[in-house]
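2 protein chains.
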Amino acid sequence: MAIDKKYLTNRVTGEIGQASAIHFPKTRQEVVKIIQEVRDNQQKLITIGAHTGLSGATFPDDNQVLMSLEKLNKIVKLDIETQTLTVEAGVTIAEISNFLADTPYFYAPDPGSKAASIGGNAATNAGGMRAVKYGVTRDNIRGMRVVLADSSEIQVGSINRKDSSGYDLKDIFIGSEGTLGVITDLDLKIQPKPQFTRDILLGFESLTSLAPKVFEILSSGLVPATLEFFERDSIAFSERALGLAFPKIVGQAFLLITLDGNDSVQLDKELTYLTTLSEHALVLTKETRENVWQLRGAIVSSVELETIQEPLDVVVPINSVAPTILALKKMAKAEALSAIFFGHAGDGNIHANILKNQLTDEEWIGKLNKYLDQLYAYIAKVGGKPSAEHGIGILKKKYFQNYIGKNELSAMKRLKSVFDPTSLLNPGKIFD
Amino acid sequence: MAIDKKYLTNRVTGEIGQASAIHFPKTRQEVVKIIQEVRDNQQKLITIGAHTGLSGATFPDDNQVLMSLEKLNKIVKLDIETQTLTVEAGVTIAEISNFLADTPYFYAPDPGSKAASIGGNAATNAGGMRAVKYGVTRDNIRGMRVVLADSSEIQVGSINRKDSSGYDLKDIFIGSEGTLGVITDLDLKIQPKPQFTRDILLGFESLTSLAPKVFEILSSGLVPATLEFFERDSIAFSERALGLAFPKIVGQAFLLITLDGNDSVQLDKELTYLTTLSEHALVLTKETRENVWQLRGAIVSSVELETIQEPLDVVVPINSVAPTILALKKMAKAEALSAIFFGHAGDGNIHANILKNQLTDEEWIGKLNKYLDQLYAYIAKVGGKPSAEHGIGILKKKYFQNYIGKNELSAMKRLKSVFDPTSLLNPGKIFD
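Which chain is which? The protein sequence lines are A and B, in order. Here our numbering is used: the first residue of the first sequence is 1, the next is one more, and so on. Here our numbering is used: the first residue of the second sequence is 1001, the next is one more, and so on.
None of these hints come from the bench; they were simulated from the model. Some clues are possibly wrong.
Subject to a maximum C-alpha distance of 35 Å in a straight line, what follows is the list of computed DSBU-like cross-link-like pairs (lysine-lysine) [said to hold, decoys possible]:
{"id": "1", "chain 1": "B", "residue 1": "Lys1213", "chain 2": "B", "residue 2": "Lys1071"}
{"id": "2", "chain 1": "A", "residue 1": "Lys413", "chain 2": "B", "residue 2": "Lys1026"}
{"id": "3", "chain 1": "B", "residue 1": "Lys1416", "chain 2": "A", "residue 2": "Lys397"}
{"id": "4", "chain 1": "B", "residue 1": "Lys1269", "chain 2": "A", "residue 2": "Lys133"}
{"id": "5", "chain 1": "B", "residue 1": "Lys1416", "chain 2": "B", "residue 2": "Lys1077"}
{"id": "6", "chain 1": "B", "residue 1": "Lys1406", "chain 2": "B", "residue 2": "Lys1333"}
{"id": "7", "chain 1": "A", "residue 1": "Lys6", "chain 2": "A", "residue 2": "Lys329"}
{"id": "8", "chain 1": "A", "residue 1": "Lys286", "chain 2": "B", "residue 2": "Lys1071"}
{"id": "9", "chain 1": "B", "residue 1": "Lys1077", "chain 2": "A", "residue 2": "Lys413"}
{"id": "10", "chain 1": "B", "residue 1": "Lys1413", "chain 2": "A", "residue 2": "Lys71"}
{"id": "11", "chain 1": "A", "residue 1": "Lys269", "chain 2": "B", "residue 2": "Lys1077"}
{"id": "12", "chain 1": "B", "residue 1": "Lys1071", "chain 2": "A", "residue 2": "Lys381"}
{"id": "13", "chain 1": "A", "residue 1": "Lys413", "chain 2": "B", "residue 2": "Lys1413"}
{"id": "14", "chain 1": "A", "residue 1": "Lys77", "chain 2": "B", "residue 2": "Lys1026"}
{"id": "15", "chain 1": "B", "residue 1": "Lys1074", "chain 2": "A", "residue 2": "Lys381"}
{"id": "16", "chain 1": "A", "residue 1": "Lys114", "chain 2": "B", "residue 2": "Lys1074"}
{"id": "17", "chain 1": "A", "residue 1": "Lys71", "chain 2": "A", "residue 2": "Lys133"}
{"id": "18", "chain 1": "B", "residue 1": "Lys1006", "chain 2": "A", "residue 2": "Lys398"}
{"id": "19", "chain 1": "A", "residue 1": "Lys398", "chain 2": "A", "residue 2": "Lys416"}
{"id": "20", "chain 1": "B", "residue 1": "Lys1077", "chain 2": "A", "residue 2": "Lys329"}
{"id": "21", "chain 1": "B", "residue 1": "Lys1071", "chain 2": "A", "residue 2": "Lys406"}
{"id": "22", "chain 1": "B", "residue 1": "Lys1033", "chain 2": "A", "residue 2": "Lys381"}
{"id": "23", "chain 1": "B", "residue 1": "Lys1286", "chain 2": "A", "residue 2": "Lys77"}
{"id": "24", "chain 1": "A", "residue 1": "Lys26", "chain 2": "B", "residue 2": "Lys1413"}
{"id": "25", "chain 1": "B", "residue 1": "Lys1286", "chain 2": "A", "residue 2": "Lys269"}
With the hints as constraints, model all of the structure from the sequences given.
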């Protein structure tokens, strides 16, 4: 049976790879069997979640065997007493959100793609909008079951709230992009939904005038649930794609801030404080709120409709956000490259999406590579990291290897060799 | 030069070990040199923080070389822009707290012993009183420098707020009890101090009537900064030792709850809710507050003045706290063993301190071992863990090894072999 082209495609570059087979296991036992088979046949295995990744981590570049976990997709158990939701790896973020909609609980991480699977989120340590208050995926997983390359199964983490009983195995597998083991099911931390939310949009003349306000907010003791920034030209893509209008507000650069909590009086007080940070402040009504968040959420997919893009997810220390954005803009201008900038200001996580537009393939590759060389050199210089939340995959591998310390890379390679000595699982991803 | 007996003593059992030498490095470079020397001489090395551990993790049972980091004790840098405090491993919790006293920031973890070093806290993933709201040590370390057994130095973690760039090396070393590397300096997460705090004491007839209230509080959406429980007989030790009186309040079992935040109106509302949970509620004044916390903090050291004790720090899922405490009490009674129970109710972390009192050494060992066998079997049965915050060391090794899965133990041993193939660092601790 032919393999659906979707699974062979690098979503970012459009490149088509080759795989020798694809499997759709429905149980952990089937995962174990597939790993055994692949090992016996001396093949290599790539595990796929929902194929929404942006770093090429599941791209078959060497005729590997593919294993999509999309049918390992049961919601197993809601345990309100320990505030734990147990799900299989193929369950999507949207399914988790829908499942919890009628309960008093929510799963806090809110990554861009709601079509992403929770297993993929764990494998990349996905971040998202609410990380500034609620942490990233890592912070919201209590335990997991993982099948190792030798097909043995291990339990990592647990539903206990504290643990100093031996080495922390859980955090090794989170963010390991399918290279150390296959995550089959997860115990997620859920928590009581806050009773009230407030959303406010602050307009600024430019990112230069916006940036200092981020530090001011974070230092004030106020912990917003989200603290997003974007420019008018980013949101314009979503406006065109969705046919929705961004609210009337003066400015070229915006902060979109959500407050949540159980005390509406306190939230209103915090809101009042936030309105002092810009002459152009718009508290969102229920209706505009939905529009604005839809527009914000659709930036990446809307750009995709108009041009090829290189979606970057660098992270820098929070006091470097402002100079970094300005420097990255300046570099793009110098290369005559179009780029949009947005991201999670509260975490220092900057999305720079570089746009191909009318460039020929050759121009695009040439300019892009030149730009990326400069960009990642800058990020390393200010103490940042190449990936905040998408992972390294193959697309950022070169830059990751260039800037990580020799001893740190050696430690990671040793980890790989111990859990997957024959490099059975997703070989050649993250590092060579 | 003779080695001060303190460093040779197992603080819990009183046992005296033997070491071949002791070093007090003052810089990371000296740590590197000591590791090289120990390796060249085919010796073994035990790293000591402030010698406050409760699991025998630094006990020299085989003539090892000791390295105390108490002189590696500089506060290196306060970076308010990234809210990071960089310190060397030998700095104590009290020193960090004093240093930050005049700033608007605090380091959230509040482990029992303020004399403990931050390096020791990281090595055991220390928990403490405020974990229910602010997390454990793991959650409050941004980055660390670690010297490995081959004397290479690595940077793990960073001051970036998000990171999906390769494997998470940081969390491997946190909680590894000096067996994988030597943590020399740390970048700690600090955060703005909450402006207001409220403390309330709730009295109950017994732990049986207290326990359900813990779940009620945690489910209400309220996130207390601390949620401690203890019985009157625990606090009686502190009253005798400190010459302080516990406030007049009806009850045999108590919840001691701290709320903190920036909105005093909201805190008062939460306080009002808490007073509905018991007929005997006492909102603490500034004066009683200090007394009560001193009494709570002094339980372990006060018991130490009267008798030998075995201080346990088991953890169970939060819905098992009530039945577990009752079961452990019942087992102690059946063995005619004195025991006190207290702990961090919000985390499921139960301290059961078993008291030797008038028992002969032989009776004590016999009864204690019988009790521990039953206790750890029970903890495993309800899905708990032998150590929430003290670590395994040597004292809990047997039980840890009994109840951890075969594959999980094998994974941990593989980790050890990767970072310390000749078992140079703290051999025989955590597992054989």
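- prompt: What are the numbers of the hints the structure violates, in ascending order?
  reply: 1, 8, 14, 16, 18, 23
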